[in-house]
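Here the structure of chain A is known, so what remains is to put chain B with the ligand in place on it, guided by the hints.
The listed protein sequences derive, respectively, from chains A and B. Okay, so the first sequence: first residue is 7 according to the working numbering, each after it adds one. Okay, so the second sequence: first residue is 380 according to the working numbering, each after it adds one.
Please keep in mind that the hints were generated in silico from the structure rather than gathered at the bench. Some hints could be false.
[Unchecked claim] The calculated lysine-lysine pairs, modelled on PhoX-like cross-linking and capped at a C-alpha distance of 20 Å, are:
#1 K529/A with K361/A
#2 K549/B with K534/A
#3 K235/A with K282/A
#4 K559/B with K549/B
#5 K235/A with K11/A
#6 K511/B with K534/A
#7 K517/B with K559/B
#8 K517/B with K342/A
#9 K559/B with K493/B
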Amino acid sequence: MTHKKLLLGVEAIGQGAIDGGISGVYAYPGTPSTEITEYIQENEVAIERNLHRQWSANEKTAMEAALGMSYAGKRTLVCMKHVGLNVAADVFMNIAVTGINGGMVIAVADDPSMHSSQNEQDSRYYGRFAMIPVLEPSDQQEAYDLTLAGLELSEKNGVPVMIRITTRLAHSRSGVLLMEKARMENPISLPSDPMQFVLLPANARRRYQNLLNQQDRFLELSEQSVFNKFEDGADRSLGIVCCGIAVNYFRENYPGVSPYPWVKISQYPLPENLLKQLESQVDEILVLEEGYPLVEEQLRGFFQRGKKILGRLDGTLPRAGELNPDLVASALHLEKPVGQELQSTLVNRPPALCKGCGHHDTYRALNEVMEEHGKGKVFSDIGCYTLGALPPYSSIYSCVDMGASVTMAKGAADAGLFPSVAVIGDSTFTHSGITGLLDAVNEQSNIVLIIGDNESISMTGGQDSSALGRIEAICEGVGVLPDHIHVLESLPKNHEILVGLLRQEIAYQGVSVIIPRRECIQKLARRKRN
Amino acid sequence: MKCDIVLAGVGGQGILSIATVLGLAAIENNLYLKQAETHGMSQRGGAVQSYLRLSDQPIHSDLIPSGEAQLILSVEPLESLRYLSFLSEEGYVITNTTPYVNIPDYPDVEGVLKTIASLPHQVAIDAEFVAKESGNAKSSNMVMLGAASPFIDLPLESLEAAIRSIFARKGEEMVAVNLKAFHAGRSFAEQTLNH
Ligand SMILES: Cc1ncc(C[n+]2csc(CCOP(=O)(O)OP(=O)(O)O)c2C)c(N)n1
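Isolated chain B, as found in the complex:
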């Protein structure tokens, strides 16, 4: 098993919560893991990324080499396009379609979504909408994780257990909402794949 994922978003969107769940699930399955994060200046609303590498063999580099990532998992549409050079030919882009507009020259959203749609392998999902449907708009990151989960070779139970453990502090209700959001994202991706 070897899975290289580029997580993308904007500083403040909390992509690291996704990385944390995947990390916990990986550890439970005795996988090796390296996860490089962006700290510092970019966290003030700049473009941020995290390189997450999982493998059953020791991992050397903290950074993913170009053209080797299986997934780009982005919580923002424009950001999903920033790291394409890392994606392998068969790799998938899984992205949220809700834009985060904090720059004056943010391009036309329709154009961005069209570019995403033209990629060979992609799943585009309105994570805010799906999250709201599941009971809490704030769980959109778990929707995104759910949408990416069919592409990551980790047992479903481990991912669920990891979600439970990171939200446990916030109470049973938060756990349930986030699990629901995760499953909604997962079904969306599975349906898209079957079409």
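Only chain A is shown next, with the shape it has when bound in the complex:
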């Protein structure tokens, strides 16, 4: 028995995980992955079963906690955006070696075209790097089905499984057929081998060999997977390899039957036989994949001795950015309608800080003070406050990876830059700023750290910040001197106070922290509405 529900791709993964019997989801928010966890947080069955569904401090702590749950025999889901996997990369690479106990699916959402991200890295490389199976759903139904299948695959083979999606599937809605009832959760059961999770060199070598031995099995599973398939076509001049959602852009251009033979890939490692079957029949191969040319590179090989491979590397498709039906049409040399055209160019409407947001007050004061010191001396981070890089403020000069404002300011101060100021948000600080602050304290680095505390993870939609009301205590615990920790309400009426504090702490030789605090106005408005 099944029933149908209208779900975003991300929601389909959340529903699949609940129906697949997870006992907890572990995640740190990040577009376009955030709503997987939010969906589970609001789901009735998840609430009734009291599944773990709170946010973690960052992606590394999330994945490690999920590993602990898996160690105890239960099924788990871990979610993050692509750059979050960089933060979790240490545990990620090592759990491929330890393997898992309870089934574990790692859902990673990539953001080609960088709609809301610093880069467009392709998580399939991480899957290949760790040598674990990767699933890439082509639509909302497969996002659901593959989450269920992924948990099974993971638990049966004792290996974590990655589900990789991209923005368009993450944030597109469609009807999904669901199971009638969620599977039971696993009971607690410890791993049968007490040494499985002990990666001392001698044992690590044994575990690694085990992972290597499993590779043939993973390949066989890809060959047999119902999510990979070959479809014949009459015109053998070209064969198409479509990965994940790219298959939809291809089929959009041939609504009936494709003239060319094609292969759909939704499970990696790449199914060699399926691809050989295609290759043996056609003159050239066009690879359609979201993200980097991973499959294209593999099919080309180093010496390019085989048949011609077309894709992002030879210019048939753009090297960067997401695919769409138009790009695929042009790669297939199809004539398509062009649409209506506007003569004049339109002004852009970039995102901006909300009216009444406390970050305005911070930047107004900071700009006034930094006027005296010249440009280029404020490092920042990732969050709503990054919009301070744009006019009217143009206050900040860096946004690299979460936490980097603190450590870049420290390094620049080490180099002799004065003053050296960092601006970070409350959640980014607890995600990855605390350890950097410890480095600065240990060396008495001459920096001023501004923690714009809006008591919320606002850029991703206002999730609860993990150290609500405890930011100053954390700073003190790390070793910042209490006299150089200042908290004030970020309001226009406190402008002069903030300006004074900034001047005073810039003059102080050592680590200072200033915490302008006021609840995010979006969060406040939502709270008042409910």
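Relative to chain A, chain B with the ligand alone:
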């Protein structure tokens, strides 16, 4: 039946409420549906769009190909012009005329409205004004949905039922106001068409 719609607006204007009504009505009529939304950074007052595709046949792409949309439904005049490349030759632009000015270089509004008026097929409506007339300025999105409804092959009753169901939580009065706003928008578009 096949209908591709680009919904346009500014982050925070709530274009997704329009998509939700259309989605519910489509499901009730057993249509296939795909609806790609903008989440994330642009929601902070940036340009946002949603691609809504309805069909009685399975739909492949979540994105609408260029030149194939039947409608651009925009809740803001400048934004109505941003996605013209998606619109088919016979396609209509249905737009609100009240500007949302949150950028320093917002162009002259008269100029924007003139450009809209010069498009081959368009309905321009002051949704805030019509909404206020219907009893609540906040129901302007339902005015816009009403103005677009003559162009979308979905039964009127299904659209009304969908509006009822999404506003039910907020009480009978809100349901009535939003239905009234929807019908006011619909009559406006019908009158414009008949001229
Ligand atoms: C490693 C990593 N994880 C997640 C994100 C997504 N992300 C960008 S900004 C942000 C929230 C920042 O919150 P906060 O520092 O409190 O600033 P606010 O937006 O509230 O001003 C998140 C989660 C990211 N860019 N990188």
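Hints, one by one, checked against the model:
no.: 1; hint: K529/A with K361/A; verdict: 13 Å, holds
no.: 2; hint: K549/B with K534/A; verdict: 15 Å, holds
no.: 3; hint: K235/A with K282/A; verdict: 12 Å, holds
no.: 4; hint: K559/B with K549/B; verdict: 15 Å, holds
no.: 5; hint: K235/A with K11/A; verdict: 26 Å, violated
no.: 6; hint: K511/B with K534/A; verdict: 24 Å, violated
no.: 7; hint: K517/B with K559/B; verdict: 12 Å, holds
no.: 8; hint: K517/B with K342/A; verdict: 40 Å, violated
no.: 9; hint: K559/B with K493/B; verdict: 29 Å, violated
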